[in-house]
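**Q** Taken in sequence, the protein lines are chains A and B. In terms of the numbering used here, the first sequence opens at residue 3 and continues consecutively. In terms of the numbering used here, the second sequence opens at residue 5 and continues consecutively.
Possibly wrong hints are sitting among the right ones.
[Claimed, not checked] Quick list of the computed label-pair ranges, beta carbon to beta carbon:
1. B:Asn80 with A:Ala32: 49 to 57 Å
2. A:Gly91 with B:Pro83: 43 to 51 Å
3. A:Glu55 with B:Glu89: 42 to 50 Å
4. A:Val47 with B:Thr86: 26 to 34 Å
5. A:Val95 with B:Gly85: 32 to 40 Å
6. A:Glu142 with B:Leu82: 34 to 42 Å
7. B:Glu89 with A:Asp58: 52 to 60 Å
8. A:Asp87 with B:Tyr58: 19 to 27 Å
9. B:Asp98 with A:Ala126: 23 to 31 Å
10. B:Gly85 with A:Thr108: 38 to 46 Å
11. B:Tyr58 with A:Glu142: 29 to 37 Å
12. B:Asn80 with A:Asp92: 36 to 44 Å
13. B:Gln76 with A:Ser64: 32 to 40 Å
[Stated by the list, open to error] Take a look, some chain A residues computed to stay more than 10 Å from chain B by CB distance:
14. Gly31
15. Arg33
16. Ile38
17. Thr66
[Stated by the list, open to error] Per the computed footprint, the stretches of chain B lying under chain A, defined by three or more beta-carbons under 8 Å from a beta-carbon of chain A, are:
18. 63-77
19. 105-111
Simulated from the structure, these hints should not be mistaken for laboratory data. For every residue, glycine included, the Cβ atom is placed at its ideal position computed from N, Cα and C.
Below, each chain spelled out in residue letters.
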Amino acid sequence: MKTLLLLAALAAVTAVTACDRRASPTENGARAVTGIVELRFGSLVERYDLRVERTDQGFAPSLTPLGGAQAAGRGLQGLAFVRFDAGGGDPIVIPTPQGTVTTRLTYRPLGPWQVLDRAAVSVAVPQLGTGPEFTVAVVEPRLVR
Amino acid sequence: MNTHANTLHVRWAGPAVLTVLFALAVTPRTAVAATEPPAAAVTATTRTMALPCYQEAVAYIDAWIAYIAAWQDYENTLPGGTESEIMDSARRLDQAASQVGTAGWKLVKCLAGFASSGPIIF
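So here's chain A without its partners, still in its complex pose (with noise of 0.2 Å):
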């Protein structure tokens, strides 16, 4: 009798735990990424303390503004430094009336998930040619568990 009951609450255990999809068995206990997100354009250099922590909802990324950077000023939060799938990596080309922006996002792999390698925007503008690009990246992301 005690058996059977036994083996009814594994067998109940052991499907509620297939059916969770907040612990997928590929993450193995990785709970969040640090790391140094780097700023550039030009001579403005800026550099930010990074913490993406795994919650219920998704990844909910904070930054920590190293030196003179302005993290409030900019309303850096929000941006996608990690995620579960590395797309396409094409760039994506947008034209406007003045010239045309072209950025590429290439994430890459550590652990369970995909992080924010480099993002590098360029513009071409016909009277101005190409100038200097705007680059943000993750530096040494690192996993913890």
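Mind docking chain B on chain A? Use the hints.
**A** Frame of chain A; chain B shown alone:
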């Protein structure tokens, strides 16, 4: 056979089975259906998300052009400008670079969110 059947005769078995059946009966079927949005809804979402990214791109290119103008102004000031003129020009260049940083960040944020299939907390 009789012994086997007796192993299932416990006092709470009846209420437990009834509870499970009741829970299954009251679970809304729409909860399952809602996880897969119809194709039309996806298309509408894509359209409305593409517009903000376009606006961010326009804001970025405007900031970028302003930076190039500030850079040219700085270079023109350097040869014969006074100290205060050069400092003013350098400050305007820094501000222009900062504007590009803000606009660029917003553009990347928009595009990264747009391309991602996973949920991100804003």
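**Q** Just tell me: holds or violated, for the beta carbon distance of Asn80 (chain B) and Asp92 (chain A) against 36 to 44 Å?
**A** 39 Å, holds
**Q** Using C-beta distances, would you say chain A covers the region 105-111 of chain B, given that this needs three or more residues below 8 Å?
**A** holds (count 6)
**Q** Range first: 32 to 40 Å. Now tell me if the beta carbons of Gln76 (chain B) and Ser64 (chain A) are that far apart.
**A** Given range 32 to 40 Å: holds, Cβ gap about 38 Å.
**Q** Is 23 to 31 Å right for how far apart the beta carbons of Asp98 (chain B) and Ala126 (chain A) are?
**A** 25 Å, holds
**Q** Does 49 to 57 Å hold as the CB distance between Asn80 (chain B) and Ala32 (chain A), or does it fail?
**A** 53 Å, holds
**Q** Between Val95 (chain A) and Gly85 (chain B), does the beta-carbon spacing fit 32 to 40 Å?
**A** 39 Å, holds
**Q** Do the beta carbons of Asp87 (chain A) and Tyr58 (chain B) sit within 19 to 27 Å of each other?
**A** With a Cβ separation near 24 Å, Asp87 (chain A) and Tyr58 (chain B) satisfy 19 to 27 Å, so the hint holds.
**Q** Run the C-beta distances from Gly31 (chain A) to all of chain B and say if the shortest one exceeds 10 Å.
**A** 18 Å, holds
**Q** Quick check: does the Cβ-Cβ distance between Val47 (chain A) and Thr86 (chain B) fall within 26 to 34 Å?
**A** Holds: the Cβ-Cβ distance is about 28 Å, inside 26 to 34 Å.
**Q** Beyond 10 Å on every Cβ pair: is that true for Thr66 (chain A) relative to chain B?
**A** 16 Å, holds
**Q** Arg33 (chain A): least C-beta distance to chain B exceeds 10 Å?
**A** 15 Å, holds
**Q** Taking the CB of Glu89 (chain B) and the CB of Asp58 (chain A), does the distance hold inside 52 to 60 Å?
**A** 57 Å, holds
Every hint, counting from the list given before, is met by this structure.
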